[in-house]
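Colleague: One-letter residues, chain by chain:
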Amino acid sequence: MQDHRIRNELLTLAGAGVLFFLLYLSTQYVSDYQIRLLNNAAIFITLAVTYNLINGITGQFSLEPNAFVAIGAYTSALLTLSPAEKEISFIIEPIIWPLSVIQVPFFWSLVAAGIVTAFFGFLMGFPVFRVRGDYLAIVTLGFGEVVRAVANNLQPITNGPLGLKALHNYTNLWWSWGFATITLLFIGRLVASSYGLAMKAVREDEVAAEAMGVNAFRTKLLAFTTSAFFEGVAGGLLAHLITTISPSLFTFFLTFNLLIIIVAGGLGSTTGAVIGALLFSFGGEWLRVVEEPMTVGSLQIPGIPGMRMVVFSIILIFLMIFARNGIMGRREFSWDWLLGRSRLGRLIQGKGR
Amino acid sequence: MNSLLTIEKLTMQFGGLTALSEFFLELTPGELVGLIGPNGAGKTTVFNMVTGNLTPTGGKIVFDGKDITGHKPHKITAAGIARTFQNIRLFGDLTVFENVMVSFHFQIRSSFFGGVLGLPRYRREAKRAHDTAMHLLEEVRLAELAGEKAGGLAYGQQRRLEVARALATQPKLLLLDEPAAGMNPAETEGLMGLIQRIRRDYQLTVLLIEHDMTFVMGICERLKVLDYGLTIAEGPPEEIQNNERVIQAYLGERRVA
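Taken in order, these protein sequences are the chains called F and H. Per the working numbering: the first sequence = residues 1 to 353. Per the working numbering: the second sequence = residues 354 to 610.
Isolated chain F, as found in the complex:
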């Protein structure tokens, strides 16, 4: 087997170049609404890829991303609002001291969001990884609810149900896609490294992994904390995209959507998570067609609002019947695979030899 490391890294770099050129074109020629969709897609790619690290790669079925996104969103939002803005927002109870005077640039608020969320993920890992399987799912689900309840009631910090409003609209295509790219590169390399292999070993057989010297608890905690970091930053990006956050935004539905994305894309495949996130973000728009009034022959069908969700559900059902492992299964995209299949690739490789 030939080693194409350098070639592949150049290709990845070129791919990122193409992506950012396309993004540049979008900022010039595309409507605001579509830009918003693109931003959303990037954030969901980040979330899905990191959620897949725990659920798909490490095989620990957990349901906590809404908690991590909430922690990241609040951390980042509280740090970018100016002291004056915070004073106006917190009408029921004033905000507590250090937060009332701090304001940092957007970039540092995102870094803080990542670190704070990773720290919470790390602490939470100790109790939750004492259990496995269904129990793990329930415990992590509970954690999500706890975070939401705390956000609702810890008024001096979170402003309770009123949430935080009038955040600055900092998140643009460069932030969201830039971070999605970093996440993809990081997670991709992590999965390919010895640490990623240990995570897969824990997924396949925890007892055997331990017998081969893998510290299963530490491996799970590592996946969890890493995932928390990226989801926290994504939460910060999300907060500054929609500019208003409140506890009701971070319900279990967020987690549920992410779960659909990674299962439909292929549990355990980073590529699948990306495809799933893209389909989920844009699919809803494409499906708008079915809500339009239609004329089939002599039959007049008025537009039915909500028809999208029916069709969406049917697609999911078919996916689970005919492609139970999702779109990608556990396969991954790789340059070797792409070039190995295309005629151009064979030509290049022929020369290489």
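Worth flagging that the hints you see were computed from the coordinates, not collected in a lab. Heads up, some of the hints might be wrong.
What the hints assert, rightly or not - List of simulated lysine to any residue pairs, SDA-like, C-alpha gap at most 20 angstroms:
#: 1; chain 1: H; residue 1: K425; chain 2: F; residue 2: F129
#: 2; chain 1: H; residue 1: K425; chain 2: F; residue 2: L162
#: 3; chain 1: H; residue 1: K428; chain 2: F; residue 2: K86
#: 4; chain 1: H; residue 1: K413; chain 2: H; residue 2: G433
#: 5; chain 1: H; residue 1: K425; chain 2: F; residue 2: K86
#: 6; chain 1: H; residue 1: K425; chain 2: F; residue 2: E206
#: 7; chain 1: F; residue 1: K86; chain 2: F; residue 2: L162
As the structure is a prediction and not an experimental result, all values here were calculated from the model.
Starting from the known structure of chain F, arrange chain H on it as the hints suggest.
Modeller: For chain H alone, coordinates are given in the frame of chain F:
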């Protein structure tokens, strides 16, 4: 004397059931010892306690001068004890090569970020692990299947992969739990050769559980016989073969015609 493994008064009780009581064992470096007995005699329980999968209710296990009783399995592996499983436990969805590579993970000294960013030190370590893994796969004649999914291998190949994977942890003591189970006579013969070869080449001490008597008698230097958690005999194979109590345990009481 300098023993590699010393087990003293090892006892395991599950509720009211005593799976193993007052078990003694002493292994000197380089020995090849067999642990035999009828089903349910407590053999695998001994293995599970030595490797940390079970915490004994009594007694102690000293390995290489250190008390390892009740330690976590991954710590015990790092200390130098490797095992194979009675019912094969490979990482089915990983490739043959990756299965062996997992065993190098705990030996890697590079940090998490070193690994993710592919820093030179990590790359050197990964390269060394790669070469050793391929060498081990050649040793068990699986090198040409390195890219296949482990779950798709034939039974005998899976058993050999388990041995390669255990060897990759660089053990001093190798525990084999019924390595010949389900093998045909030719495969068993091959396995005997393999075990003797790796034992010599890697200076291993081997403790194995096996039901196949040709295998046990052909390869072990010393045997320990368990029945209902009690040690009923020990000694060289020839002696064990003619031991009254052992025959009784295996075949039942001899009827007087």
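Colleague: Hints first: check each against the structure and report whether it holds.
Modeller: How the hints compare with the structure:
1. H:K425 <-> F:F129: holds (16 angstroms)
2. H:K425 <-> F:L162: violated (49 angstroms)
3. H:K428 <-> F:K86: The given pair, whose Cα atoms are some 51 angstroms apart, is violated under the 20 angstroms limit.
4. H:K413 <-> H:G433: holds (17 angstroms)
5. H:K425 <-> F:K86: violated (50 angstroms)
6. H:K425 <-> F:E206: Judged against 20 angstroms, a Cα distance of about 13 angstroms means the pair holds.
7. F:K86 <-> F:L162: holds (12 angstroms)
Going down the numbered hints, you'll see the structure goes against 2, 3 and 5, while the others check out.
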